[in-house]
Every structure is written in structure tokens, then in C-alpha cells.
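Visitor: Residues per chain, in single letters:
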Amino acid sequence: MDKHKGHPPKLGQKLLSFLGHYEWKYFVSGDCGEEFKERVQENGRCRALLWYWEQVVYALAAYSKISTAVGGTMLKNYIKITWRNIKNNKIYSFINIMGLAVGMACCILILLWIQDELSFDKFHENYGDIYRTIPELQGTKYSSNPLALAGVFKEQYPEVRQISRFYQMFWLMKHGDKIYEERGALVDDDFLSMFTFPLIQGTPETVFASRDSIVLTERAAGKFFGTQDPIGKSLLVNNSAELIVTGVLKDVPLNSHLQFDFLASMRLMGAREHTSWSYEARTYALLEKDVSLPDFADKISGFVMEHDKRTKQKVVLHIQPLSKVHLYSLNGPDPVIYVYIFSTIAVAILIIACINFINLSTARSNTRAKEIGMRKVVGAERADIIKQFIGESMILSAVALLVALGMVYLFLPAFNNLAEKQLTLNIAGNVSTMFLLPGIILFTGLASGSYPAFMLSSFKPVNMLRRGKLQSGSGGFVLRRILVVGQFAATIVLIIGTIIMYKQLNYIMNKDIGLDRDHVLAISMNGELRESYKSFKNEIKQFPNVLNVSAARRIPTNIGHVNPVYWEGKGPEDYVTMTDASVDYDYFETLGMQIIQGRSFSEEYATDRENYVLNEEALRVTGLESPIGKMFSCWEDEGKIIGIVKNFHTRSLHSEIGPVIFTLSQRHGPHNYIFVKIRQDDISGTIASLEKKAAEFAPNDLFEYSFLDDEFNRQYVNDQRRGDIYKYFTYLAIFISCLGLFGMASFTAEQRTKEIGIRKVLGASTPNIIILISKDFLVLLFVSNVIAWPIAYYLMDKLLNNYAYRTSIAAWVFIASGMMAVCIALLTVCIKIVKVAHSNPVDSLRYE
Amino acid sequence: MKELTLLEQMILAAIIALKEDAYGVSIRKRVEKLRGKKLMYGTLYNALDQLLRKEYVTKTKGTTSSERGGRPRIYYTLTSDGKNALRDSYNLQRAIWESISEFRLD
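Note that the protein sequences, when read in sequence, are chains Z and Y. Note that our numbering numbers the first sequence so that position 807 is 807, with each residue one more than the last. Note that our numbering numbers the second sequence so that position 64 is 64, with each residue one more than the last.
What you were told as hints is all true, and nothing was included just to trick you.
For lysine to aspartate or glutamate, the following EDC-like pairs were computed, each having C-alpha atoms within a straight-line distance of at most 20 Å:
id, chain 1, residue 1, chain 2, residue 2
1, Y, K61, Z, E34
2, Y, K29, Z, E42
3, Y, K33, Z, E38
Here are a few chain Y residues that sit away from chain Z, every Cβ distance over 10 Å (derived from the structure):
id, residue
4, L6
5, Q9
6, E20
7, K37
8, T60
9, L78
10, D88
11, N91
The hints are simulated quantities; they were obtained by calculation from the structure and are not laboratory data. Heads up, the beta-carbon is just placed ideally off N, CA and C, and yes, glycines get one too.
For reference, chain Z alone in the conformation it holds in the complex (with noise of 0.2 Å):
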């Protein structure tokens, strides 16, 4: 046999050593390693392994339970000191732990955000081995790929397991008098065994058996046909076709970024799925477990250009994990960024809890010297007082847990609310809280315990006992003025992140991007509406607060497919892709986006059905120097450039702007949305006299709309979510802060009592005393303002860098956080010395 086999593993050992007294080490770890190597011979290795641990386990139980019993007194004198100092020390006791608690809550809540984040698509089965397929076309990243890509994807590379499409899609569902819209998708038969989306009624394998299935969540699946059993049941869709559901799915889970109520074949898009080369649909392929990946992806840069044959632009497919989806973008910045700023904040808030901590125990260890000369004297060594105030800031600490674990919960609610997510606090279930929790405990007790278990341990008896208190200007001065100097360049840098952060969020909300989106109605346009289209166009108009209607197919947000395009002097076999908005007449003078060249549509022309307006940067692109009249094409359909609109934002601010033209041709599918301009009084009115017109024109569609501002600022609706969930966390950072200078105050004060006695016997008044207290704390805010800003300046610099368009960091921000900080603390401080100040010296001067 192995020699090696035959020995008890090293760590447990290790562990039985440190059962110190009574000789039970060489008991216990003699004997428990005598016996394992009989049962390695008799049950072999796995099973002595396991009895091995039990036996120590057992014994690291057994042993400190006897220990416990044995050093009892010691440990029992311990926490009574501790209590008696937390009863006798109410403020201070109160600070130290309601700082930490809040610190520790504000870490618990943000690293359960964090958690979530980082969890977001892990439960599929498959979640390494799927990657989506990323075209790049002119520098620009986008999700959507060509319909016609996945089927000759899968055929031409072997490495390729499994492929669906993901083409999102919004229906207008019905089953008897239920209507409603919902979100979902197209997909290929490989989808359900690709994605780990449970079926709970239905196989993956059979669900699009039929081109005419549907599937739905549970959700969705409830509200059309309530406790009945869906399966078999049919819905309308659309008004107009009939699918069958043959399965129902499990809700989506919120941390996939796959989100959908239900499920239909691909096959529903007829022939084109398998020839259009439009950009329409997400791809998702799995691939084989031992894929080269920087192999595979060089093989697939040319893929498109190799296939679509027409094109001679640089199209390049990139592969991205399943795994970056959520937290990086395609183009701008990656969210990811904001898992790091979270954990920075996470991190900076407990330790400035935990220096509030230190400056408080440092400080009132004056206070505990005759103790600790006390215990020195009887014969207590250096080690033993260490111990004695790690453990005391351990119990402390501990205590700001069960505390900061009852805020959580109570503040669990509100904080999902803010951050849109569904956190729970499962500590048992959760083998990362269990860690991080003791984890937390230890971090504090150690960082916030050992300078002070350090420093006053390290005094001699001698001058403990004599004076009853530390000499003055021993170390701790000079450290606790570091630390509040620390303490609040931290706070200042919070702030300032906070007011740039939404300097910047204004910025891009607010920011001219072409078109007015104000006071724009989007209405959704289904089977009945869009047949009366034009009458309902002429009748709408006619009301005194509609200014203008206009109508397109999709929202200017996510205004179009990209497309190839060519134009006179560059042929159809030498194109390049361009965004194609297919728009109704007026939607120009409707969004008020300004035509610097040529004309808008217009139905005295009957060509302009085939004739395009571009946006500058496809004029750009184009590099024609008199575009008008020019030829132009988007796929085969010819006609001539009539005009050219004013650059516009249609993505978020994020990206830039890219190519955009114009066509009153609806090929590539009907108009969805009508744009309503009306005027800014009544709103509530038009709306509702709009929803009476369309009843009568489609008695069967829902009246459903938007505000054009709405969707345009739901593109930040994570930036703004994250911004709000800063800016409550610098609110706490600054609380804790203010809390620890609170104590400082009151400390100062108490010690200097006497001091302002004589002084206000002499003569002092109020605002004197008040100026002579607060300025040592004025010049130590003032240290962290200089400390601060360069560190903000190029913590924010950096941030901005990441945004296609960024606001400035003006200097005002800066002053104006320092000026936030140095008024709050004053205030802070101001408090407990005017009552100092206040008090009747008679009293002060007999004090002590």
C-alpha cells in the first residue's frame, strides 16, 4: 500500500493540536490516528476519512464545551465588564453600535444586491457552454442577428450543439373576453433544451411539434385561463391567427435577462426565417464542452460577409458568453462597473463604521485605564488584555449584527422596491451569507478591536494606576485625528459621486437629442385600428388639442432594422447596412425633427411611397455631395432621396448615433405605433376623448399608449435605479460619519468641562466657546476636502469616460459637496457644545 495513505489527513490533526489542555491533543489525535490507519485497511480510505472527521468534529465540540466550564470565570468577568460598559456608556455604547449596525446593513444589503447581480442567468444547466452571436457593423455591437444566420451557423461548424432564435415580439392575445398583451418570443425546438426554462405541463421536445403551438408562463397562463387547464385551449392573437397552447412554463425567473410570458415557433415567420438577412433575431447557440473558444471565434468573424453574398461592408460576428450578457454591454459603459462602485461603497461604509469605532474606544480608553492597570497589576499578561478587547469588539459587533439583521429585514421590502429586484434574507439557506456573515463579525471585531486592544494593552501599570489615566498626547490623539480626517474625505467623495452621478443622469435625460419628444403620445396600432388608419388619422385631427398624427412601426427608441443599403454610384453588390424606419406621413413635423435638406413626405408626391429621407449621419456615410434626387435603395426597393433630417438620438445616450433612412414602404411589416402630438393643457381629456374615437373605429383592440418621454427615459431606468440606490447609501456614510464626530464632540466637550468652566468664569461667551471646540474639527474637515477632491476628480473622470455623451465636472460640485459635508458636521458638533457652552460653570468646575 501508498505510505502515504495510511495517514490521517494534515489539517485535522492540525485541529486536534489545538485542543491545548489535559493532554487530550495527544490523546485524541494518538489514538484517532491509530485507529484510522486499522479502518483504512478494513473500510478503505473514503470511509476512514469520514469517520475520521466525524471523530473530530466530535472532539473540537466536546473539548470547548469543557473549556468554556474551565475558563468560565475569566470569560464570564469579560462580559460583564462588556455590559457594564455599555450600561454606564449609553451614548457612546449607542453610537458604537448603532454606527455599526448601520454600517453592517448597508454592507449586507448591497452585497446582497451584488450577489444578485452576479446570479443573473447561472441557473441554466448549460450556462457555460452557451454564447449569443454578436454582429458588428460599423463599429457598432448589436444583439439582433440575420434571421437566415442560425440554420447555416449550425450546418457549417460542427462545434455548434445546439441553436435557437429569440425574436421578441409583443402580441395582442384573446381568449373569449380576456384581452391581453404580452411579451414573448419566437424561438427554435432546441430552445427548451438549450435554456433551463422548466415546462410543467408539456416535453421540450414535442411543445412546437406543431407550427401552430404556443406556450405560456404560469403567469400568463392564470390570467387568460385561471385554474382550467390550459393545455389544448386556443388563442387569438393578434385577431389574427388561432394558436393552441401545449405547454405551460414555469415563470421566468428575474435574474435571467431572457424575460418573456410566452413561447411560439419560429416557424410562424413562414419562409422568411430561413432567407431574410434583415437583422431581427437574437441567436443562441451551445456549443461542445472542449471548444477552442479564441479558435472558434477568428473561424466566425467572416461569417456573414461569407454569406450574404451582397454585402461588401465589414460585417464581423463576435461570440459573447451567456455569462457577460448582463453586466456588459455591447456598446458603452459596462454595468459592471457598477458591481464594482457598489462593492468600493460597501466596503467604504463599513469602514468608516468601524472607525467611528475606533475613535471612540481610543478616546474613552482614559477612562478604562485604572481597569486595565488594574488586571495588569493581578497578573494579567499583555496577550490576556488583547484578548479581552478583541472579544469585547466582537460582542459588540456581534450585537450591531443581530441589530443591522433586523434593519435588513425590516428594510428589505423598500430596498427591492428601489432596486427592482426580489432579495430575500435567506441566512440557513445561503451558503455565501453564512460566510459573509461571520465574516462581517470578525472583519469589524478585528479592524475596530485590535487598536485598541493594542494600544492600551501596551501602557505600563504604573502610570495607569498613579494618574488614573493615559498621559496626554499619547498616540491615540494624533491616530483618531487621521482617522476623522479619513472618515470624512470618504463621505466627500460619496457626495460628489452622488451630485455627478445625477448631473449626469439630467444631462443625457435632458439633453436636445432632435427630435421633441414631449407631449407625444405613442398609441399601439393592432388588426382593426390599422385597417382604419386613415380615417381615424383625419377624424383625430380635427380635435382642438391634437396638433399632429403620424404613425410608424416601431417606437423612435428602437426605431428600425438594420437593413442593407445602396445608392447611386455604389451597386447592389457593394452595399453597406443602414437602420431602416418605415414611418407614416408627417412623422417628422409630429416629433418636430427639423429637415435641413430637400423636402418630408408628402402625399402630393405619389412617388414618395418609394422615395427615403435620411438622417445626416447616413449622409455622412453615403458621402453623396448633393443628395437630393439622387438614387437610393434599401434592399431592391429603389427610389430617391428626397431630404435629409437633423441627427437625432433614437438609442439611449449611451451610444451614438448611427445611419438612420426613411421609407413609407411597409415591407418588412405594418405600422404598430400612431403618434398623437396634442397640447400641453387638457391631457387627461384628449386622451380620453382618443380612446372614445378609437372604440368606434376597433371595438375588439385595447386602448394602449404611452407617453414618448416615458419610453425615452426607460432606457434609464437602470441608471436612475442605480443612481437612487448611491444616493441612499451616501445618506447612510454620511449619518455614520456624523454619528462618529458626535461622539467626538461630546467626548472633547466632556474631557475640556473644567476647561470651559474657568473660561466662562473668566468671561467667555457662548459663541466663543462654540468657535473654540468646533475649530479643531473645522481645520480636520478642511484636510478632507483637500484630500478629497482629487480623488473624486479622478474617480468621476474615469466614470464619465465610459458615457458617449458626458456632462462636465464642474468646480461648483466639488465646493458645494464640501461646503454639504463641513455644514453637516458643524451642525453635528454644534449640538452637543452649545449645551456644553450653555451649561452653568458652577456645575462644570465641580465636575470630577
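Dock chain Y against chain Z, hints included.
Guide: For chain Y alone, coordinates are given in the frame of chain Z:
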């Protein structure tokens, strides 16, 4: 005097039975066999500690053997106090059973 627990009685009995060979491993195995239930080292040494402190047993260090990772075996023997305590327990047990001899246990 406090009565011995059942476990203590079993350990003391095992030490007597094992004579010169009474050390951790052998005691544990014997007691385990006797009571037909698992006995952990932690429990065993807890009890042995108690017995040592009550001075019912004494220990002697044996020779160091490489097979035990350099740790010597510790052998236990009963003191006269220990023997008395075990005898008391025996008498007590017997008294308990005799006191119900006229009833039948069924």
C-alpha cells in the same frame, strides 16, 4: 458521594478487563462493543477527564511508537477509590433489581 454514570461504569469496567492494555483505542472499542452503540473519542475523553479529576483512574505514559505519529499511548489503571466507586455502583444496581424481584418484568 456522587454515583457513577453508566458510561463511567462501562469505562472503568473496560479498564479492569483490559488490564495492562487499557488505552484510548482499546477502551473505546471495548465500550462500543459492550453497549452496541457508537462511542466518539470526544465523549470518551470527556468522561476520562472527569474520572481523572475525581482520581478514580491514573494514567501512565507508554512508549512512543512511530505508528501513532510520535504520540505516546496513555495507559489507564483504576485507583482504589475507583474500585470502590465501581463496587458501590454494582451494589446499587443489584439492590435495584433485588427490590423488584417479587414482581416479574414482562
